[in-house]
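Take a look at the letters that make up each chain.
Protein chains: 2
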Amino acid sequence: MTMADRKQDTLFVNSLAKGLRLLEAFDEEHQSLGLSELAKRTGLDKSATQRFANTLYQTGYLMKDEATRRFRPSHKFAEMAYAYLWSDPVVQLAMPKLIELSGRLGETINMAELSGSDIVYVARIPCQRTTFAATLVGRRVPALNTSGGRAILAMLPEAERRACIENWPLARFTPETTQDRDKIAELVEEAAHLGYSFSRNELILKEIGVAAPIIGADGRPVAAVHCSVSAYHWTREKVEKDIVPFLLDTANSITPSLR
Amino acid sequence: MTMADRKQDTLFVNSLAKGLRLLEAFDEEHQSLGLSELAKRTGLDKSATQRFANTLYQTGYLMKDEATRRFRPSHKFAEMAYAYLWSDPVVQLAMPKLIELSGRLGETINMAELSGSDIVYVARIPCQRTTFAATLVGRRVPALNTSGGRAILAMLPEAERRACIENWPLARFTPETTQDRDKIAELVEEAAHLGYSFSRNELILKEIGVAAPIIGADGRPVAAVHCSVSAYHWTREKVEKDIVPFLLDTANSITPSLR
DNA sequence: ATACATTGTATCGAAATATGATACAATGAA
DNA sequence: TTCATTGTATCATATTTCGATACAATGTAT
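Sequences listed follow chains D and H, in order.
Residues 1 to 259 in the working numbering are what the first sequence spells out, letter by letter.
Residues 260 to 518 in the working numbering are what the second sequence spells out, letter by letter.
One thing to keep in mind: the hints can contain errors.
[Claimed, not checked] Below, in silico cross-link-like pairs of lysine to any residue (SDA-like), each with a Cα-Cα straight-line distance of 20 Å or less: (1) K64/D <-> G319/H; (2) K323/H <-> K46/D; (3) K206/D <-> K305/H; (4) K305/H <-> N14/D; (5) K277/H <-> S230/D; (6) K442/H <-> R479/H; (7) K277/H <-> D9/D; (8) K277/H <-> A48/D; (9) K356/H <-> P89/D; (10) K64/D <-> L270/H; (11) K46/D <-> F271/H; (12) K241/D <-> S230/D; (13) K277/H <-> A17/D; (14) K64/D <-> R479/H; (15) K305/H <-> S15/D; (16) K356/H <-> T10/D; (17) K465/H <-> C423/H; (18) K323/H <-> K206/D; (19) K356/H <-> N14/D; (20) K64/D <-> K305/H; (21) K305/H <-> T10/D.
Worth flagging that the hints you see were computed from the coordinates, not collected in a lab.
Keep in mind that this is a model prediction, so the values were computed, not measured.
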């Protein structure tokens with residue numbers, strides 16, 4: 001449905017959608033925004049931006065630095081995450097098992113769910129050496145560039161898999177981030193055979209990632225458990241020996257039933 | 260500003276505010292909601308609820324189970340948390356230090372910020388034995404019922420402190436949750452002297468909590484670092500000896516500068 | 001299987017609400 | 001100081017939302 005169609009749709013409240021656009025204007029590069037920057041980023045005119053920003057401020061979604069007049073996301077953003085995490089049966093099931101895995105391995109454990117062409121981290125148990133961005137829930141990363149995403153992809157039917165690999169966006173995080181779709185196809189193929197996916201230097205240099213898919217009750221992959229270790233201390237062989245068995249075990253034990 | 264005043268305010272977009280009410284309708288007791296339940300909880304009529312829910316669905320904020328027609332929060336909720344956490348200078352500063360502390364103590368570490376009369380957990384590093392709700396970012400708990408909240412309160416000026424203790428809401432999580440405001444005043448007083456706050460059985464039975472405040476550049480408390488341990492393995496004395504020094508050290512090292 | 005209550009979906013005229021142009025104020029840079 | 005930029009306030013207009021109503025689908029009790 002295009003924007004024009006929505007204009008006609010009497011069940012679509014444009015004012016709400018526009019207001020939500022303001023919330024989405026805040027990201028890594030835009031931690032705080034002034035009114036005119038907000039207008040630019042949302043494509044709304046000055047007056048509309050003013051009204052929506054004010055509304056979000058009054059309702060507590062945005063904070064306002066009275067000195068600079070700039071807006072920033074508020075706690076409410078974090079509270080919303082709670083509502084989501086609490087409601088997600090996979091998270092409920094997984095959490096204790098992820099903690100256990102983290103205790104056993106002593107390394108960073110993540111869980112991510114597929115959201116469109118990205119994965120979204122929904123659980124993170126950091127350890128020393130974990131980079132800041134990798135400690136925060138809700139981060140979105142293109143699925144094709146992560147072991148987690150590729151582990152999930154590997155469990156999809158052949159045709160679907162292929163289409164995703166062709167069309168989904170790629171990003172570049174390090175000089176080594178895989179940009180070649182044929183190479184990604186290979187990696188996914190490999191993951192389909194092994195039952196887990198391996199990555200190196202994709203998001204951060206000298207980082208090794210292993211991920212195993214979590215399969216839903218309908219047989220489709222819903223998420224991935226992911227372990228991230230330093231290439232200074234680990235080799236692929238050592239990971240396969242000391243991490244993969246536990247990782248697979250954990251992932252397999254998290255199989256959500258139909259409600 | 261009351262609802263009636265807002266009606267007059269041309270800078271307040273009611274449609275946006277109403278839409279946001281739907282998002283807030285989801286909490287611990289309401290993981291998924293049907294249209295009429297949503298209407299009941301938000302106080303909107305059937306048609307309005309229909310339009311707003313549909314809009315939130317179209318924009319990806321709510322998921323819809325096509326079988327049951329019930330709505331649920333989506334990943335977007337978690338992504339918003341990322342925007343917030345990323346933008347918060349205290350979180351940025353604190354995260355690595357919290358991880359270090361967790362590594363050193365081997366116990367659950369949290370950080371919470373004051374939000375009105377509640378504290379909101381913005382960072383959580385769980386360990387074995389951590390209960391599910393205590394692993395999720397964004398949880399809101401009445402400040403008076405937590406060591407974290409009381410540690411923050413203790414750093415406020417006398418008069419302000421007193422007013423909060425008189426007026427802020429209390430909840431009951433266990434039979435032992437402190438309900439007596441005089442007792443709470445005592446505990447806050449103690450925290451003001453010691454520089455940290457101690458709790459027992461407040462949120463969960465057999466849980467001991469210690470919390471130390473983080474002071475902002477303006478001298479006012481902005482957050483608290485919190486450590487939670489089992490009363491089966493720990494006593495107050497042992498906590499004071501083996502945990503408090505490190506906790507205070509960590510909290511003190513997180514002092515955000517003015518931008 | 002049938003009737004009934006409940007919940008969700010679709011439509012539309014009326015009117016309240018958001019619109020966005022504009023003017024003004026405040027800030028900060030030259 | 002002047003000028004450019006950003007934020008704030010106001011208002012007539014018509015676009016949007018409103019909410020009553022009718023209809024469809026679901027599930028429950030008889």
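Can you give the numbers of the hints that this structure goes against, from lowest to highest?
-> Violated hints (numbers, rising): 1, 2, 3, 5, 6, 9, 16, 17, 18, 19, 20; every other hint is consistent with the structure.
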